[in-house]
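In order, the protein sequences belong to chains V and C. Per the numbering used here, numbering of the first sequence is gapless, rising by one per residue and ending at 401. Per the numbering used here, numbering of the second sequence is gapless, rising by one per residue and ending at 169.
No lab work stands behind these hints, which were simulated from the structure alone. One thing to keep in mind: the hints can contain errors.
In silico EDC-like links for lysine to aspartate or glutamate, alpha-carbon gap of 20 Å or less [said to hold, decoys possible]:
1) C:Lys88 - V:Asp348
2) V:Lys334 - V:Glu357
3) C:Lys88 - V:Glu262
4) C:Lys79 - C:Glu33
5) C:Lys88 - V:Glu367
6) C:Lys88 - V:Asp255
7) C:Lys29 - C:Glu83
Have a look at the derived ranges for each label pair, beta carbon to beta carbon [as the list claims (entries may be wrong)]:
8) C:Leu149 - V:His306: 58 to 64 Å
9) C:Phe20 - V:His369: 19 to 25 Å
10) C:Ile4 - V:Gly239: 38 to 44 Å
11) V:Ala251 - C:Gln119: 41 to 47 Å
12) V:Ala354 - C:Gln119: 35 to 41 Å
13) C:Leu149 - V:Asn240: 27 to 33 Å
14) V:His248 - C:Gln25: 32 to 38 Å
15) V:Ser351 - C:Leu149: 52 to 58 Å
Even glycine gets a Cβ: it sits at the ideal position worked out from N, Cα and C.
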Amino acid sequence: MNNWFMLTLVGNDRPGIVAHISAALYDAGCNLGEASMMRLGGNFTIMLMVKYEGKAKALGDVIEPVADSMGLHYHVDHIKAHLHQHLLPDVRITVYGADRSGIVAKVSGALTEAGLHILDLESDVAGSEDKPIYIMHIEGHASEGIEALRSALEIVATEGVEVSLSPIETMMG
Amino acid sequence: MAVLPLLIYPDERLKQVAIPVVQFDGTLQAFIKDLEETMSAGPGGVGIAAPQVGQFQRIAIVDVSGARRPVPNNGRLLLINPKILAEEGEVKGREGCMSVPDYTGNVIRAERIRLKAQDDQGQWREYQCEGFEARAVLHEIDHLDGLLFLDRLVSRRNDLFRRKNYQSTDKPA
Ligand SMILES: [Zn+2]
């Protein structure tokens, strides 16, 4: 029986969110798996693997009081998931430039076409209100080799976006 | 010859500081053969330290000559009682460890090192290493001091503009 759930929580950021949520889950007998938690635009966002010997509805009942008290929206999905199945990234790509609509679509489209499997993507808007800059950092697996990605990016880079690509060599020792 | 069983973290013995080798004899040479075989048996392993197989002596082997992407190297390095003489530069790279399955992370290491170590006859030799090989050597010497790459992890976030020529006192933005 697979008892993993993906718990999503979003709400205005304030101190104590992680502590309160994780305490409620612990008290209900949950185990936590892989997670991504971060502040995005003044919100705090959580995507968290939770192992729970019950139904999604019951897990929702565990979360609801604490989510309400912290002003968070939550969502629970029963998922097919396993731990210990990390894929090793072999390439890192960074993209930055003046913020323009369509950067992500253009870059990720070109990379997907050239065989990139994105494993991790972080992006940010920095700079100032009137002159925002966009910064994106991708790690992934180049299924058709790194040269294919390089060629794909050359085309994107001619459009005023700075792009760099470097192989990730994992030293195993 | 034999492939030796690896200690796997959270085995506390991996945190033990290894003692210097004083006896350069047949027992040592036989152990080195086994250690090397154990390294080769691990997928993609380019280095191994004696504490990883429960032998708490200052012995490590590094061989990056067969790395997936060719890198400058000294061939097979047998490092007994190694001592770092000089370190230069800083570079971030991805590491994994045969004693820490299913996890890789970024670690900052010196870009170039000079070291001395004894060979299996007790002769002191001096080596210069750079890049990937320097990383492997430093990772293995850490094992001799009871340190894992987990002790040196740096965040994957917010490091876009961090470059190897930055001073170590610089904080990521
Ligand atoms: Zn290791």
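Between Phe20 of chain C and His369 of chain V, is the Cβ distance one that fits in 19 to 25 Å?
violated (45 Å)
Assuming the hint says 41 to 47 Å, is it satisfied by the Cβ distance from Ala251 of chain V to Gln119 of chain C or not?
This hint is violated: roughly 59 Å between Cβ atoms.
Are Lys88 of chain C and Glu262 of chain V close enough, with their CA atoms no more than 20 Å apart?
Violated, at roughly 24 Å.
Would the hint linking Lys88 of chain C and Glu367 of chain V be met if the CA-CA limit is 20 Å?
Within the cut-off at roughly 15 Å; holds.
Go ahead and decide if the range 32 to 38 Å is satisfied by the Cβ distance of His248 of chain V to Gln25 of chain C.
Between His248 of chain V and Gln25 of chain C, where Cβ atoms are some 59 Å apart, the hint is violated.
That 35 to 41 Å hint for Ala354 of chain V and Gln119 of chain C (C-beta), does it hold up?
violated (55 Å)
Given the hint that Lys334 of chain V pairs with Glu357 of chain V, test it: the Cα-Cα distance must not exceed 20 Å.
violated (23 Å)
CA of Lys29 of chain C to CA of Glu83 of chain C, is that 20 Å or under?
violated (29 Å)
Can the restraint linking Lys88 of chain C and Asp348 of chain V be considered satisfied, given a maximum Cα separation of 20 Å?
Status holds; Cα separation ~18 Å.
58 to 64 Å as the expected CB spacing between His306 of chain V and Leu149 of chain C, which holds or is violated:
For His306 of chain V against Leu149 of chain C, whose Cβ atoms are near 32 Å apart, the range 58 to 64 Å is violated.
For the pair supplied as a hint, Lys88 of chain C and Asp255 of chain V, confirm whether the alpha-carbon distance does not exceed 20 Å.
violated (39 Å)
Verify the CB-CB distance for Leu149 of chain C and Asn240 of chain V against the hinted window 27 to 33 Å.
30 Å Cβ-Cβ, so the 27 to 33 Å window holds.
Checked against the numbered hints above, the structure breaks hints 2, 3, 4, 6, 7, 8, 9, 11, 12, 14, 15 and satisfies the rest.
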